[in-house]
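The task is simple: from the sequences and hints, build the whole structure.
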Amino acid sequence: MVIVLFRGTMKYRVHDLVLEHNHELHIAQCAHMMPSQRKVSETQGFQAEISEDAGLSLKQSHELMGKEAGGMGNVGYTREDLKRYLRTRRERSLKYGEAGLKYGEAGSMLNYFQEQTLENPSFFHAVQLDCEEQITNIFWADAGMLIDYKFFGDVVTFDTTYKTNKEYRPLGVFVGFNQHRQIVIFGAALMYDETIDSFKWVFGTFLEAMCGKRPSTILTDQDHAMAAALSVVMPETFHGLCTFHIRRNFMKHLGNHYKENSDLPYMFGACMYEFEEVEQFNRVWEAMVKKHNLENNEWLSGLYRIRDKWARCMMKERWTAGMRSTQLSESLNAAIKNHLKLDHDLVQFFRHFNRVVDEKRHNELIAEYEMRQKLPMVGLRQTPMLVHASETYSPTVFVAFQNEYGESTAMVILRQQDAAMFVEFAVMRYDGGPERTVVFNRNDLSVRCSCKKYENEGILCGHALKVFDTVGIKIIPPEYIKRRWTKRARAGDCFDRRG
Numbered sequence: 001m002v003i004v005l006f007r008g009t010m011k012y013r014v015h016d017l018v019l020e021h022n023h024e025l026h027i028a029q030c031a032h033m034m035p036s037q038r039k040v041s042e043t044q045g046f047q048a049e050i051s052e053d054a055g056l057s058l059k060q061s062h063e064l065m066g067k068e069a070g071g072m073g074n075v076g077y078t079r080e081d082l083k084r085y086l087r088t089r090r091e092r093s094l095k096y097g098e099a100g101l102k103y104g105e106a107g108s109m110l111n112y113f114q115e116q117t118l119e120n121p122s123f124f125h126a127v128q129l130d131c132e133e134q135i136t137n138i139f140w141a142d143a144g145m146l147i148d149y150k151f152f153g154d155v156v157t158f159d160t161t162y163k164t165n166k167e168y169r170p171l172g173v174f175v176g177f178n179q180h181r182q183i184v185i186f187g188a189a190l191m192y193d194e195t196i197d198s199f200k201w202v203f204g205t206f207l208e209a210m211c212g213k214r215p216s217t218i219l220t221d222q223d224h225a226m227a228a229a230l231s232v233v234m235p236e237t238f239h240g241l242c243t244f245h246i247r248r249n250f251m252k253h254l255g256n257h258y259k260e261n262s263d264l265p266y267m268f269g270a271c272m273y274e275f276e277e278v279e280q281f282n283r284v285w286e287a288m289v290k291k292h293n294l295e296n297n298e299w300l301s302g303l304y305r306i307r308d309k310w311a312r313c314m315m316k317e318r319w320t321a322g323m324r325s326t327q328l329s330e331s332l333n334a335a336i337k338n339h340l341k342l343d344h345d346l347v348q349f350f351r352h353f354n355r356v357v358d359e360k361r362h363n364e365l366i367a368e369y370e371m372r373q374k375l376p377m378v379g380l381r382q383t384p385m386l387v388h389a390s391e392t393y394s395p396t397v398f399v400a401f402q403n404e405y406g407e408s409t410a411m412v413i414l415r416q417q418d419a420a421m422f423v424e425f426a427v428m429r430y431d432g433g434p435e436r437t438v439v440f441n442r443n444d445l446s447v448r449c450s451c452k453k454y455e456n457e458g459i460l461c462g463h464a465l466k467v468f469d470t471v472g473i474k475i476i477p478p479e480y481i482k483r484r485w486t487k488r489a490r491a492g493d494c495f496d497r498r499g
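Just so it is clear: in the sequence shown, position 325 is 325 by my numbering, and no numbers are missing.
If you're looking for bench data, these hints aren't it; they were derived computationally from the structure. Keep in mind the model is a prediction, meaning the values are calculated, not measured. You can trust all of the hints, since none of them are fake.
BS3-like mimics (lysine-lysine), calculated; alpha carbons at most 30 Å apart, straight line:
| id | residue 1 | residue 2 |
| --- | --- | --- |
| 1 | K83 | K39 |
| 2 | K290 | K309 |
| 3 | K374 | K482 |
| 4 | K487 | K360 |
| 5 | K309 | K453 |
| 6 | K482 | K309 |
| 7 | K150 | K482 |
| 8 | K150 | K487 |
| 9 | K252 | K200 |
| 10 | K200 | K213 |
What follows is a set of in silico ranges between Cβ atoms, one per label pair, in the way DEER data are often shown:
| id | residue 1 | residue 2 | range |
| --- | --- | --- | --- |
| 11 | G302 | G499 | 40 to 48 Å |
| 12 | E119 | V471 | 53 to 61 Å |
| 13 | A426 | H253 | 36 to 44 Å |
| 14 | V471 | L375 | 25 to 33 Å |
| 15 | A287 | A426 | 25 to 33 Å |
| 16 | G499 | G433 | 48 to 56 Å |
| 17 | M251 | G433 | 28 to 36 Å |
| 18 | A287 | R247 | 16 to 24 Å |
| 19 | P121 | E407 | 44 to 52 Å |
| 20 | A54 | N256 | 43 to 51 Å |
| 21 | F46 | L17 | 39 to 47 Å |
Backbone N, C-alpha and C define an ideal beta-carbon position, used for all residues, glycine too.
Written out as structure tokens, the structure is:
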């Protein structure tokens, strides 16, 4: 049909009309694809949003609705329609908040934080503005994170390797272990950049959220800006380096020194993980450097200067809860990648991040349920110390303790030297191995082993358990039970920064 407008009379008139069809008619099976027949209803849109929040992809969400409707032809829209609907809704929610006020992405984020605070007043958030009043760094921690930090914040790992959203902002996450040796999240930060000033703000804000309570140990990668910021903000906290990142950097800087059957990686690994005595570490390190002509390697020389942050012999008296790397954060990053996409806006990012947090908390609930549902497998049921440990420790930590007790049965006392108050025992495995010195105090019944396992991991070593058995101590003394490893690790009061 051709229609003409006559300007003089401002009237339309049909000029031409062709009654025959000038295109192929659609077959019945394709009728649902025609624009006139397609519409995402309010109910379908709501279901699509729930599916997106649950982590289903657009394809999976569309297929699910097709199954429910009895086939794609009965859904009433295409996948592109659904994509357009969700994008339009996101853009509208960014432009107008819940109250209909105009927002940008930053305004929507602040509105989201306000909603979280109304839901639970202990929710903590902070933003840093630059000189042009633009948001640079963002930190947040919900009430559950504050509670987790109260009970398990003695050792923290911090990592920023994962870059999220389309601006590739670094995501920094503070992570630790609970009593089941599972991941707990203490707080997170979306950073503008990885400079000393940004890290200072993030670490300082983290401490503000946690009422000023500093961790005993924090583990990070070899980032110089991070190290400089930590030395200013948390000077009393021991700063350890992630062994995983060191091994990766070792391959990067010294890969060209590898030859077939080279012992370089084994010597380096032994220096990092095996040697407990400083003299042995220094001897093997010098031999490694000389054998492979690495005297002038700047990276290796720099690493040696900070050996107190990564070598086992230098860290054995540092409390680390058994952590040596930020792989807790690495595994969390893997979980985050499963739920986040680069095209997410900030509010979407927060919602999806919460899903990861909820998943980790659900894992703890499963562990709690199983701890109450199942009895621990005690190898020697007539042993009072093992029975006591099974009643005290969480199942995961009990397994570790039971392994140490098993080791103690393979120990022999080579000699003992008595003094007025102290008894010094020389302990070794019956089939060989390093000799340990265990000092027992007759007055307070305390024990100290040269392997420093208790000081480092919070579990008595087989050497100390052998001495306890020898002197007739049949249950774990209270001072050697770390509360964070027990079944009642979460018992107690917890306060937010407002008291």
